[in-house]
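S.K.: Spelled out, the chains give:
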Amino acid sequence: MSDNKHRVTRRQFLNYTLTGVGGFMAAGMLMPMLRFAFDPLLKDEAGTDMVAVADVKEITTEPKRFDFKVKVKDAWYESEEPKSAWVYKTDKGEIIALSPICKHLGCTVDWNTDKEHPNQFFCPCHYGRYEKDGTNVPGTPPQAPLDRYEYKVKDGKLYLGKAKPRKEA
Amino acid sequence: MKWTGEDVALYERERDYIDTALLPLLPVAFGQGAKRLASGGELVGLIAAEVERQLKGRLFLMPSFVYFADEPRALLTERLADWTNRLRREGMKHLFYVTCDRAWQEGEEADRVWFVPVVPLESMGESYKHELVREQAAELLRFLIGRWAQE
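Those sequence lines, one after another, are chains A and B.
No gaps in the numbering here: position 44 of the first sequence is 44 in the working numbering, and each next residue is one more.
Counting the second sequence from 1 gives a position; the working numbering is that position plus 1000.
No lab work stands behind these hints: they were computed from the structure.
Each statement offered as a hint is correct.
One-sided and incomplete, this derived list gives chain B residues near chain A with beta-carbon spacing under 7 Å:
id, residue
1, 1054
2, 1055
3, 1056
4, 1057
5, 1058
6, 1145
Beta carbons: idealized from backbone N, C-alpha and C, even for Gly.
Please model the entire structure based on the sequences and the hints provided.
M.R.: Written out as structure tokens, the structure is:
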């Protein structure tokens, strides 16, 4: 009798196995879905990796170009992309880090190289111009102000993150 | 602009603004001189890529004009002239070549050829190499911007 009680019936055995296997399959399908759903959240936290670009004491009120590199993945080819930033301090001591990428067609702008328009950013390709704070000069090809890098200062070093478009203007 | 799907799509939208082509002239050989040519080609590639990065909105960096170093010069000149004509017909008002092959410095288009001296890149430190590419690219950049102002 007691033997009979503990014996697993064919029906039970099949039930257990099918539930087990089904569970594995469901988990196998759900896991990637969950990962896709949560991955952007996890990434954002890790994605704030900023790059040390300069010593804060090097920054003056005159825009200065700093070069740095960020890791990029282009299909399966991983490489370091060279980037630059124009960095200066305002009179109030606020740091401004501008992306040198012209908003017109993506050339690299230079500071104060056009003799007729001093103290402006100048694009050599189609003569686009920007004020010192990155605002595009109306009447020149660019239609938007230069992007600004997110930045933070830690231990006397300037760290730059992503370049974000400015909303105003 | 580079020869990539993304850049070509942008080129097709904005082709009025992109009036300059940069064509690397790339000699290849096997056996004697191979290493030297490869080194030179590598440097030309790095410099051209840096210049393209800075002048992206006006300059189209073409895929290289590749040839064997011992091909008959007359045929090469003819083939290059054909490429040049095609590019001009496509609206490239300014056309420049960048190469490590000195032979291009004599010829009809010599004043459009930017010559890059061969240096043994593989035996150079990373930071020195970086500095070299940057300097050379800056020189080529000044040359191009100067020519834009003239032409």
